Amino acid sequence: MPRVSNTFQVDLRGIVDLLSHHLYASPRVYVRELLQNAVDAITAVGPEHEGVVTITSSDSSGDGTLRIDDNGIGLTEAQVHELLATIGRSSKRDELGFARHEFLGQFGIGLLSCFLVADEIRVHTRREGAAPVLWTGYSDGRYDVRPGDEREPGTTVILIPRRGAEHYLTAETTAELAGTYGALLPARVMVDDRKVTVGTLPWNLPPESRLAYAERTLGFRPFDVIELDVPAAGLTGAAFVLPTPVNPATRGGHRVYLKRMLLSESIEGLLPEWAFFARCVVDSTELRPTASREALYDDGLLAETRDAIADQLRGWLVRLSTTDPRRLAAFLSIHHLGVKALALHDDEMLRLVEQWYPMQTNMGEVTLSEFRARHGVLRYASTADEFRQLAAVAAAQDVGLINGGYVYDAELIQRLALVDPEVRAERLDPTDLTTRFTAVDTETELRLRPFLAAAQRRLDRLGCEVVVRVFDPVTLPALYLVSREAAFQDEFTASRDQADDLWGGVLDALSRTVPSERPQLVLNHRNPLIRRVTALGDDELAGLAVESLYGQALLLGHHPIRPSDAALLTTSFLGLLDRAVPGEESR
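Going by the numbering used here, the first residue of the sequence shown is number 23, and it counts up by one from there.
These are computed hints drawn from the structure, not numbers from a lab. Treat the numbers as computed from the prediction; the structure is a model and nothing was measured. Even for Gly, the Cβ is constructed at its ideal location relative to N, Cα and C. Certain hints may be false.
[To be verified] Label pairs and their computed distance ranges (CB to CB):
| id | residue 1 | residue 2 | range |
| --- | --- | --- | --- |
| 1 | Gly-256 | Asp-454 | 55 to 63 Å |
| 2 | Asp-166 | Arg-243 | 49 to 57 Å |
| 3 | Val-429 | Ile-583 | 19 to 27 Å |
| 4 | Asn-269 | Gln-478 | 43 to 51 Å |
| 5 | Ile-583 | Ala-557 | 23 to 31 Å |
| 6 | Gly-221 | Asn-269 | 34 to 42 Å |
| 7 | Asp-600 | Asp-454 | 37 to 45 Å |
| 8 | Asp-141 | Ala-330 | 42 to 50 Å |
The task is simple: from the sequences and hints, build the whole structure.
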């Protein structure tokens, strides 16, 4: 005889709105929730029970409904009332034995998620030794409980679709979702007589099969596969190393299973920020999901797990350095940013970078260890522009120079000197090179004084000092050098020009303490062109030549071009062109 109909103790329409707009990202999760309930019921029978979950899609049911059957423990009538009529009462759940650690979800909330795609839900269930029960819930908040037809112990859930949601119950969608969420479940899951569970965890597959799994599931064939094991989190899995560089700012998510049910394919926060070169597939029994079961709860255990995985990735890199250096070099050529980021905080990784990562120098690409063995001091330029300005000249003076302008390189050199007292590191100041240049002899210096005085008058307005030295390479006629003090002076002057009256007064007061050193245009007297220019008897022509050499030195040294510099480049070029191509009046 039918039981009296009841209404839920909460507003069902409000619950559905909450689930669809605030808890779940998509109605697709209804399949996951049904699978969770089924696997929990199977788990409750006992570890030796061979569980089977069968899904019959709307294409195969013949009446447009979806049906999911399990041979789990089933429910009594009292449990139906407690679990389905009182949503979310965890204390009652505990009393009924459904709050054990092994269970995946929460039966009542999980079942309500089906209202995202259904207008009516029927639950036909029987527990061993109890009468079968049929519970029917409606989207308007009504439900009734009555005796059900005879059946074996277990549960059947039938969904009558909502208008507009029919496609979620089709064979194609159901099979895809069941395979996505439940492929690793220990119970056998069938969709329309097709098995979607695989049985074997991906990280337990043979090596070649692991690579094929990553290619099929993650979309790439990994550079390597690193096994992961964190007992405190009940976590096992694998980190698949990406075969191509990736932007550190666009870290991808990880495929995380909880008790072999997929939580999400895009979980963040599982790895440290520096490990952007890996994508993980893991299963955990202890990590906690958020309420939506679509992300991990960020607690102490997750932080501990993240640190443990970081240690295992670090260990893999160290093992490569001792067992397969060639493979390590190949990895570093792809993912050096991640390793360098780690080396900023980790001494073991810092030593690995020192020994194995080749940096750009003016003597070719060499490791810091090789550079130090050859030159003694880790002398570096702090920016790529500075390196380009000085590399060739430093090499000609037999001064080794490292390009510290790449991401983290200068910081790594500085940190290496900080942690190891035997390592010396120096940032090369451009003016340091002038100490290695040779001054012209006294006779030549006296002869050049008129030229230098005229040249200085042409460049005074640009704040540049003109000097003549002898240096290599002989093919370089002029070099523009800016010391750190002179660069600071330029920045200070620019700030003063842009400041308002208040800050301008402050900067004027500070200007007396700012170094007055000026950039230098160093003319190479060893260069034939410079010797010809200094021998010109025409002051105007010599001045135009010096201005042109100044502009060329700026361009070759990759220095910034100010408006006054650009104007000088134009006027000097036109002036030289005018002298080279006389006008009609001069004929």
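> Okay, which hints does this one fail, numbers in order?
Replying inline: Result: no hint breaks.
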